[in-house]
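Each chain, letter by letter, is given below.
Number of protein chains: 2
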Amino acid sequence: MKADPRLAPVHEVMRRAVAPAGDQRDGLYHWLGYHLGWSTPDGRPADERRAKGVRPLVCMLASRAVGGDDTAAVPAAAAIELTHEFSLIHDDIEDGDRTRRGRAALWTLTGMPHGINSGDALFGIARSQLALSPVAPDVLADLYARYDDACIRLAEGQYLDLSFETADYVTVDDYVDMVSRKTGALLAAAAGLGARAGGASPDVADGLARYGLALGVAFQIKDDVLGLWGDPERTGKPVGSDIQRRKKSLPVVAALADPELGPRLLDLYSGPDPTPDDARRAAEAMERAGVRESAIAIAEDFGATAKAELESRALADGPRAELAELVRRVMQRDN
Amino acid sequence: MKADPRLAPVHEVMRRAVAPAGDQRDGLYHWLGYHLGWSTPDGRPADERRAKGVRPLVCMLASRAVGGDDTAAVPAAAAIELTHEFSLIHDDIEDGDRTRRGRAALWTLTGMPHGINSGDALFGIARSQLALSPVAPDVLADLYARYDDACIRLAEGQYLDLSFETADYVTVDDYVDMVSRKTGALLAAAAGLGARAGGASPDVADGLARYGLALGVAFQIKDDVLGLWGDPERTGKPVGSDIQRRKKSLPVVAALADPELGPRLLDLYSGPDPTPDDARRAAEAMERAGVRESAIAIAEDFGATAKAELESRALADGPRAELAELVRRVMQRDN
Numbered sequence: 004m005k006a007d008p009r010l011a012p013v014h015e016v017m018r019r020a021v022a023p024a025g026d027q028r029d030g031l032y033h034w035l036g037y038h039l040g041w042s043t044p045d046g047r048p049a050d051e052r053r054a055k056g057v058r059p060l061v062c063m064l065a066s067r068a069v070g071g072d073d074t075a076a077v078p079a080a081a082a083i084e085l086t087h088e089f090s091l092i093h094d095d096i097e098d099g100d101r102t103r104r105g106r107a108a109l110w111t112l113t114g115m116p117h118g119i120n121s122g123d124a125l126f127g128i129a130r131s132q133l134a135l136s137p138v139a140p141d142v143l144a145d146l147y148a149r150y151d152d153a154c155i156r157l158a159e160g161q162y163l164d165l166s167f168e169t170a171d172y173v174t175v176d177d178y179v180d181m182v183s184r185k186t187g188a189l190l191a192a193a194a195g196l197g198a199r200a201g202g203a204s205p206d207v208a209d210g211l212a213r214y215g216l217a218l219g220v221a222f223q224i225k226d227d228v229l230g231l232w233g234d235p236e237r238t239g240k241p242v243g244s245d246i247q248r249r250k251k252s253l254p255v256v257a258a259l260a261d262p263e264l265g266p267r268l269l270d271l272y273s274g275p276d277p278t279p280d281d282a283r284r285a286a287e288a289m290e291r292a293g294v295r296e297s298a299i300a301i302a303e304d305f306g307a308t309a310k311a312e313l314e315s316r317a318l319a320d321g322p323r324a325e326l327a328e329l330v331r332r333v334m335q336r337d338n
Numbered sequence: 004m005k006a007d008p009r010l011a012p013v014h015e016v017m018r019r020a021v022a023p024a025g026d027q028r029d030g031l032y033h034w035l036g037y038h039l040g041w042s043t044p045d046g047r048p049a050d051e052r053r054a055k056g057v058r059p060l061v062c063m064l065a066s067r068a069v070g071g072d073d074t075a076a077v078p079a080a081a082a083i084e085l086t087h088e089f090s091l092i093h094d095d096i097e098d099g100d101r102t103r104r105g106r107a108a109l110w111t112l113t114g115m116p117h118g119i120n121s122g123d124a125l126f127g128i129a130r131s132q133l134a135l136s137p138v139a140p141d142v143l144a145d146l147y148a149r150y151d152d153a154c155i156r157l158a159e160g161q162y163l164d165l166s167f168e169t170a171d172y173v174t175v176d177d178y179v180d181m182v183s184r185k186t187g188a189l190l191a192a193a194a195g196l197g198a199r200a201g202g203a204s205p206d207v208a209d210g211l212a213r214y215g216l217a218l219g220v221a222f223q224i225k226d227d228v229l230g231l232w233g234d235p236e237r238t239g240k241p242v243g244s245d246i247q248r249r250k251k252s253l254p255v256v257a258a259l260a261d262p263e264l265g266p267r268l269l270d271l272y273s274g275p276d277p278t279p280d281d282a283r284r285a286a287e288a289m290e291r292a293g294v295r296e297s298a299i300a301i302a303e304d305f306g307a308t309a310k311a312e313l314e315s316r317a318l319a320d321g322p323r324a325e326l327a328e329l330v331r332r333v334m335q336r337d338n
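Protein chains in written order, with the working numbering: chain E, 4 to 338; chain P, 4 to 338.
Everything labelled a hint here was simulated from the structure, so no lab data went into it.
Even glycine gets a Cβ: it sits at the ideal position worked out from N, Cα and C.
A portion of the hints provided could be inaccurate.
Claimed, not checked - Computed spacing ranges between beta-carbons, pair by pair:
| hint | chain 1 | residue 1 | chain 2 | residue 2 | range |
| --- | --- | --- | --- | --- | --- |
| 1 | P | Asp7 | E | Ser297 | 34 to 40 Å |
| 2 | E | Asp26 | P | Ala107 | 49 to 55 Å |
| 3 | P | Met115 | E | Tyr272 | 21 to 27 Å |
| 4 | P | Arg47 | E | Asp141 | 28 to 34 Å |
| 5 | E | Asp26 | P | Glu303 | 38 to 44 Å |
Stated by the list, open to error - Covered stretches of chain P (in silico footprint by chain E; criterion: 3 or more residues with CB under 8 Å from a CB of chain E, positions within the stretch not fixed):
| hint | region |
| --- | --- |
| 6 | 27-40 |
| 7 | 123-130 |
| 8 | 157-171 |
| 9 | 215-226 |
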């Protein structure tokens, strides 16, 4: 999923939103520009932006799918993408991750206090972009409401994800609820806001939001599968890498409930750091027990739900096909 | 400034906004309730809320001052107060402060990762309250725009405050710009949103927002003066306590620019931790040099600006007098 050239106007709005003002606040905006891949740590221009842009693409395609023009969804797409980027700044601090997209995570350059605050600044900037939407005030109010709801769900999802790390017992339903919020909510908002900005009724927007939600859940489960059984040459990570990091991803949650695999995996998760060999062996045992297959089946169910939402309503053929193609690409991606 | 009984409906909205839903997300809402003073760390009900409620009071008085009814500004007042509370959750982590209003700071109970995320959740919840405002969609759009602008300024102010800690040289103008954002912006939003929700034109709301901004700056400078020369029996802190914490408050910024005091104070700030005696002696030297007097004069200038904004336009007499009284109380408070 390379950045789509149609996202250029979204990136333009993002650049304007985070432009330094030429005064004592500039350091903050330079940091945000670094996080977004626009500059090097010492402030020289760069073009290292590696985000795939799935969220803004869904937002713009949803607008086109309901007959909206190209520009209607641009501010909403920028707001959603900047919100995703804000959440990454905080996630990296919360998870202690020192790298992001192959570069130093922002907080490792700024220190933790400025890292938290830079995220807060980007969150505020992100939301303020919605006001640029070329829509009537009552539609704008709906964009704000959908957006705010997504932000609350996003934080609830991160609460659950962090809590699962230390939870004794997590069910597959708990897990799906978590990723529906953590990954699904912003993709649902991308589709729902795009549709509303493009002129859709709340009802049609709700349908496209369900598409986005299901796409997000499918995406995350596929990510979990790649985190355990991805081809090391494609993902750049060894087999079982998520086990080494003790992640409670969907396959792990499913395996922990298995009477055979569960106790062994629990031992691995509660003992000293799993070695690469431990992790690889556990991933292999899980695969033999059918855990990989059943995780893929769950992801495919969500992919099918996403596609069904597209087919159940009158949408423009071209954008509808592209939205369906996104589901296919999510299911087939190998890194 | 004890909580005003007229704030009861605001607290009601806040309680509903942060109510647990009865599912796996509840831990998050219990933590937020703890931070807000509604429960003990182990979840038993408490009534320890010690916030003074200046922001929501300004918001509601601004609405009444322009002829709005009692309920119009309630959602905006709740949004502003919850936003202030979100910022305190993150400030405590950023500053490493382990207590807040005499209780354990939230992050010391939850750990840093959940602390950051709890703040993010409260930020999203805060903003979503604006949607409850009983106003026309075009006014609602203006509330969102003013609110988002204030949130960006708030984060810019915190950026500057954190940056000043390590800056070689800070001017009084730099400092005023910082507190205008860090303390002024939310009070400006409180007044501006209250006025708009109460039916004021954007122009009248801008005037009341300038009142709020000036009140916020005066409040912060008075806070700085109390942090150096407050009566220990009233503030609970020794004379010069802000110097022990190496805070670059307004009097310190002014003293650092003084050819006589500056070098001595700089030594104190760049050496090992100042002792209580060092701090007291420095505060006394600053007072003899007239720094206290000039800081109070600057605060009084901002207080006068706030009052002038009230007098320059047609407002209802009762609320106008109360808004003016708030300025007087800020200038005369001793803890």
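Evaluated hints:
Checked against the hint of 34 to 40 Å, the C-beta distance between Asp7/P and Ser297/E comes to roughly 58 Å, which is inconsistent with it. For Asp26/E paired with Ala107/P, a C-beta distance near 38 Å fails the hint of 49 to 55 Å. Separation of Met115/P from Tyr272/E is about 22 Å and conforms to the stated range, judged on CB atoms against 21 to 27 Å. Between Arg47/P and Asp141/E the beta carbon distance is about 44 Å. The supplied range of 28 to 34 Å is therefore violated.
Roughly 27 Å separates the CB atoms of Asp26/E and Glu303/P, a value that falls outside the hinted 38 to 44 Å. Figure legend: the region 27-40 of chain P, annotated as covered by chain E; annotation consistent (4 residues with Cβ-Cβ distances under 8 Å, at least 3 required). Residues of the region 123-130 of chain P with a Cβ under 8 Å from some Cβ of chain E number 6, which satisfies the need for three, so the listed coverage holds. Against chain E, the region 157-171 of chain P contributes 8 residues with a C-beta closer than 8 Å to a partner C-beta. That satisfies the three-residue criterion, and the hint holds.
Residues of the region 215-226 of chain P lying with their CB closer than 8 Å to a CB of chain E number 0, which falls below the three-residue condition for coverage.
Of the hints listed earlier, those the structure fails to meet are numbers 1, 2, 4, 5, 9, in rising order.
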